[in-house]
Amino acid sequence: MNIKRYWKMIATLSVIVLTIGTFYIQSSFAASEFPDITFKTVSGSEEELDNLTINASYHEAELYQRVTINRQGSTFQEQLPFYERFFGSSMYPEINRYEKDYRNFMRGKVGGTNLFFEDDSVLVYADVMYEGYNHNTRITDYSFNIDVLDKQAVENHSTELSVPNGNDYAWISVEDVQIVQDKLIVITRNQLSNRSGDEEKEEEVHGYTFDLETLKLENNQELLSIPRGDEESFSRLSMMNDNLNVEPEKYFLISKVVMEQGVLEESHEEYEGTEMEVNEAPNNMIATEQSIFVYDYETAKMEELNLPNELESLLESARVTVQNNLIYFMNQQEGSLEVTSYNIETEQIDIEQTFNLNRTSTHEPFIKINQDRLYLITASSEDIGKDIDVMIASLSTGELLYEGKIEVTEKDNSTDYELFINDIDTK
Amino acid sequence: MNRYIKLVNFEFNRFLKIYLVLIGITIASQILGAIIRSNQYLNDMNDLLYEQLMTREAALEQLGKISFYHITQTVWFMGPIAICIVTLLIYMFFIWYRDWFGKNTFIYRLLMLPTARINVYFAKATTILLMVFGLVAIQLLMLPVGRRVLQWMIPVDFRVDQTIREILTSFDYLMILFPSTFYEFVIHYAIGFAVVLVVFTAILFERSFRWKGIVFGLIFGAFAVTIFIFPVIVQAFILPEFFYPIELFALECIAGLVVVSLSIWTSNYLLKKKIRV
Amino acid sequence: MIEVKDVKKRFGRKEVLKGVSFTAEKGEITCLIGINGVGKTTIMNAIVALTPINSGQILIDGEELHKGSYEKITFIPDAITMLPQMRIIDAMQFMDDFYDCWNEKRAEEILSFFKLDKQERIANLSKGNTAKVNLLLGLAMDVDYILMDEPFSGIDIFSREQIAEVFTSHLIEDRGVIITTHEINDIEHLIDKVVLLNEGYVLKEFSTEEIRENEGKSVIDVMREVYQS
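Residue numbers (the UniProt record's numbering), protein chains in the order written: chain Z, 1 to 427; chain L, 1 to 277; chain W, 1 to 229.
No wet-lab data here; the hints were simulated from the structure. A couple of the hints might just be wrong.
Unchecked claim - So the derived list for chain Z, only partly shown, Cβ under 8 Å to chain L, looks like this:
#, residue
1, Y6
2, M9
3, T12
4, V15
5, T19
6, F23
7, Y24
8, E99
9, G108
10, V110
11, N145
To be verified - Keeping only pairs whose Cα atoms sit at most 20 Å apart, straight-line, the calculated SDA-like set for lysine to any residue is:
#, chain 1, residue 1, chain 2, residue 2
12, Z, K100, L, V75
13, W, K204, W, M223
14, Z, K40, Z, R71
15, W, K67, L, A116
16, L, K212, W, E15
Beta carbons are placed, not taken as given, at the ideal position from N, Cα and C, and that holds for glycine.
Required output: the full structure, derived from the provided sequences and hints.
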């Protein structure tokens, strides 16, 4: 073969291979140039970090990457092998774990951790599906989609059954799934539709009880409802339980706020624990009534909490989270965080601790409570995402167990990056 | 194999003139575009600074800094890319039909070569692929060239320098041509190549059965598309979210391979048994 | 030997070949004769698999045509099989590239016999010269069988003479040739065998020598007999 006659083709081929090859080699080189993100201990025991995983977004120039940070270091999305990027696509680590451990059971199950319940023996999935509007019967149908996996036997049994009075609702969302002895309880928020005929009610919270064996619906309890809002006043419900929690819980807490027309209120934003999809308050409304309702899974009773006055007054400004029988009120002050816990069972204040925050931050810190540990991550507002403090403290003693920083070591010494914390996981 | 390479070389040289013209247009237009757009910016800036007597800060506030993004948005930049794409799309058909039409009967020669006729099909497909990659490479080379033009024309205080990657990520259409990882690059162009093979098969249907062949070709094309999207249809409508991403990816790879194999097998059959001059 | 056995071919509803059978021997020139539109070209195309047949069989030295057969048999259609932008030398190079049976020496010989200029572009050639180049590309292959479709049509008288001369030369000698034509005059004395076709049938297959010696008739005489009866 006479090479000379092929030179044009060979030249073209060389240009292609060299150009495209160089481009992608450089790209993958750039991927290996990801910075190292590590914890830098200031004081305390580094072992406290063992349970902590931070999901963050890293942004530098052309790069926008998801990154997970733990004690061992950081892993950027693009550093994962090609095939592994297909796993762990869920934003919930718990669900990623299920997909790994119960691969076949998890098929076709989408949604967040609020749809799951897990204990030592079972993994339960419960969702309400919109089945569509039938033009002939003029009925909107919703159905429960329940699947229970027996972990030991690796067997599952499932059911699909209609939601009673489905036609009344514009949408239904599952908030929590629990098992109490041989009963399966699904808590839902049901938004009433215009055709329900009920002009009074806006939204209902339901507790549906199923027999765990037969998966038959045994009880349909309306736990709480709020009236339709108007220009004068309207109400809002928020579910207070950590919806990332799939473990057994004893109580389900709902906060209810009634807003009324009043003087112009300084707009304040609420973060975690409040869902504001529906009927966001007009700015000139103020909260006139705030209360917390507790549903006891065991007794299937709903009660309004009688909070001590000092806590009642915190309801508006503090962040509230629930763990087992304790309600934590976290009130951020200039330079400090006050944590007060209230025991639902004893109806007493359990602990009161004040933690010093290292820097004054107007940014809402990420706070997570797990058992006796308080995890706190703050970012300074002046220098977004560059100076992140990590603090781990004991709730019972108030002792600071760990204090440190998240440190980004750029390979090219650039400081032109931003790091945003998306979520923290303390398992 | 040897004859296949010779055929590729032959097909490549046949289109070379038009191809070089395409490359020429791309280079000229994109450099010119960079000059014109930069010049326009300079004029606007001069107007603000010297006619309206604004301060530098105020002028920058109003006009903003210029970056290569502004150049990629011009018809000078996008035009040649569109021309190249359209030309290659047309050539995908022309590469076959030119052998049948005209005064010569070159298809007699091609079909009477002492080599499997499917090599002609492969050679033509390879040529298209080579041309596509060639233009892709040229475009990739033109990005730093255009950027350099911008840097020459605009003082550093008035421009934002972007890396090649930033230029690409700031413009969706370019991301299709140059996806961010090599895997995606392979996937994009593998799909493109499969499309070429399917279109070739449809053309051979037409060339074998003429009018009826157009119908067969369209049916074949629809069938190929159906096979290819079948896993996605299953995932979306029949078994919602049943497959995990990696499984869906594997199924798509299989579906793609089925489509490609079917195309090659069908084309081989048509070329051997049904084709006419 | 090329054997065409009961070949049938339809174009849509029209049956062009209604069961055509004949043979062509190596070392002989077989002429397919018929009024235009009787399927001569279709038979040629079918023999080299350039058009599918509906039924029947075509064997070349006892086997069906396959890719290797194109080193053994070639077809010279009535239009040139090379691109107009090629020079003659490019066309020859192309042949040399793809065919093991290409005989460069013979190609040069034919080139000088036809007095053609290698550097000339095919697009610029006269009709006669185009036909000559076309012939050259087929004849310079060391193949056993050559099929020619109307090699004399639409060509000036001098070219025609020159081409006819080829048939008596060593360029043809041992090979089997099938030629179609409707102008028998130029080559009547050259051909060994005639296949008369009409409306998709073989009307008569005969050896020119036999009818000349046994019946004292020329090919034209036989044609007149057959077609006018």
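Here is what the structure says about each hint:
1. With 8 Å as the threshold, the beta carbon of Y6(Z) comes within range of chain L, its nearest partner Cβ sitting at about 5 Å, so the hint holds.
2. Satisfaction of the interface hint for M9(Z) is found here, the shortest Cβ-Cβ separation to chain L being roughly 5 Å, below the 8 Å cut-off.
3. At its closest, the beta carbon of T12(Z) sits 5 Å from a beta carbon of chain L; the interface hint therefore holds under the 8 Å criterion.
4. Residue-level restraint check for V15(Z) holds (minimum Cβ-Cβ distance to chain L is 5 Å; threshold 8 Å).
5. Of the supplied interface hints, the one on T19(Z) holds, with its beta-carbon coming within about 4 Å of a beta-carbon of chain L, less than 8 Å.
6. Interface hint status for F23(Z): upheld, as the beta-carbon distance to the closest one in chain L is roughly 6 Å, under 8 Å.
7. For Y24(Z), the interface hint holds, the least distance from its beta-carbon to any beta-carbon of chain L being 4 Å, beneath 8 Å.
8. Checking E99(Z) against chain L by beta carbon gives a least distance of about 7 Å; that is within 8 Å, so the hint holds.
9. Nearest Cβ of chain L to the Cβ of G108(Z): about 5 Å, under the 8 Å cut. The hint holds.
10. The interface hint given for V110(Z) holds, since its Cβ lies 5 Å from the closest Cβ of chain L, which is under the 8 Å cut-off.
11. Interface restraint check: N145(Z) against chain L, minimum CB-CB distance 10 Å, threshold 8 Å, status violated.
12. The hinted pair formed by K100(Z) and V75(L) fails the criterion: a straight-line CA distance of about 49 Å is larger than 20 Å.
13. With a CA separation close to 9 Å, the supplied pair K204(W) and M223(W) stays within the 20 Å bound.
14. The straight-line distance between the Cα atoms of K40(Z) and R71(Z) is roughly 10 Å, inside the 20 Å bound, and the hint therefore holds.
15. Between the alpha carbons of K67(W) and A116(L) the distance comes to roughly 6 Å, so the proposed pair stays at or under 20 Å and holds.
16. Restraint check: the Cα-Cα separation between K212(L) and E15(W) comes to about 18 Å, which is no more than 20 Å; the hinted pair holds.
When the structure is compared with the earlier hints, violations turn up for hints 11, 12 and for no others.
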